[in-house]
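Enquirer: Keeping their order, the protein sequence lines are chains A and B. 2 is the number of the first residue of the first sequence in the working numbering; add one for each residue after it. -7 is the number of the first residue of the second sequence in the working numbering; add one for each residue after it.
Rather than coming from a laboratory, the hints here were simulated on the basis of the structure. Some clues are possibly wrong.
[What the hints assert, rightly or not] No farther apart than 20 Å at their CA atoms in a straight line, the calculated lysine to aspartate or glutamate pairs in the EDC-like style are these:
1) B:K34 <-> A:D89
2) A:K42 <-> B:E37
3) A:K65 <-> A:D89
4) A:K42 <-> B:E(-3)
5) B:K34 <-> A:D66
6) A:K67 <-> A:E23
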Amino acid sequence: GAVVSQHPSWVICKSGTSVKIECRSLDFQATTMFWYRQFPKQSLMLMATSNEGSKATYEQGVEKDKFLINHASLTLSTLTVTSAHPEDSSFYICSAKGSLAGAPGYFGPGTRLTVL
Amino acid sequence: QKEVEQNSGPLSVPEGAIASLNCTYSDRVSQSFFWYRQYSGKSPELIMSIYSNGDKEDGRFTAQLNKASQYVSLLIRDSQPSDSATYLCAVNPGNQFYFGTGTSLTVIP
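Next up, chain A with everything else stripped away, as it sits in the complex:
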């Protein structure tokens, strides 16, 4: 089956620092990747959609200068949380989709970010 990895699985950082999260599709080419955030006991919240080689499309209310997304290859997308603050503490999950119409999105295992 399709496998998506994320690194790191958890990270603790000080307020004001930047954190980079990597999302890789290991056995398929992901033309589209999605980044989600999920707070405890809440639903998935889509942050942005990125297509390989293009700028990401951000959802309303998501600061694109704070959450930098790069989708430089068909197997790698990164999310950088810049100048992180405690309110950015959350579970960040990526999802990757292949090029075939109707292909499902496969989720990475998620990254738990704690900002002190």
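Assemble chain B onto chain A, guided by the hints.
Expert: Relative to chain A, chain B alone:
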């Protein structure tokens, strides 16, 4: 109106029973439908895809799709305590996915 609606539950069933999870969607363009399972503290995992009207069976899981009624369901037969999780319905019009808020299922031993 939300794109995808699910009963948030919680839904409780005894072990061995059939759990029935329902989902309605608003976009008639949608052609691809998915069910994901999410355990507490984990990311969602794909358990079923369905594209055509009717039933699709995979082990203890059966997905049912009715495009005319804009309705998709998931049946879990012989429910096990390990099936206790939140089940997310997703529809895929084009290159986006729209998720329901999920139904929390508890299987009671």
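Enquirer: Can you confirm whether the C-alpha distance between K67 (chain A) and E23 (chain A) stays at or below 20 Å?
Expert: 16 Å, holds
Enquirer: Has the given pair, K65 (chain A) with D89 (chain A), been kept, meaning a C-alpha gap of at most 20 Å?
Expert: Roughly 14 Å separates the two Cα atoms, so the pair holds.
Enquirer: Taking only the CA atoms, is the gap from K34 (chain B) to D89 (chain A) under or equal to 20 Å?
Expert: 18 Å, holds
Enquirer: Please verify whether K42 (chain A) and E37 (chain B) have alpha carbons no more than 20 Å apart.
Expert: This hinted pair holds, its Cα atoms lying about 17 Å apart.
Enquirer: Tell me if the straight-line CA distance from K34 (chain B) to D66 (chain A) falls inside 20 Å.
Expert: At roughly 28 Å apart (the allowed maximum being 20 Å), D66 (chain A) and K34 (chain B) break the hint.
Enquirer: Within 20 Å, alpha carbon to alpha carbon, are K42 (chain A) and E(-3) (chain B)?
Expert: At roughly 17 Å apart (the allowed maximum being 20 Å), E(-3) (chain B) and K42 (chain A) satisfy the hint.
Checked against the numbered hints listed earlier, the structure breaks hint 5 alone; every other hint is satisfied.
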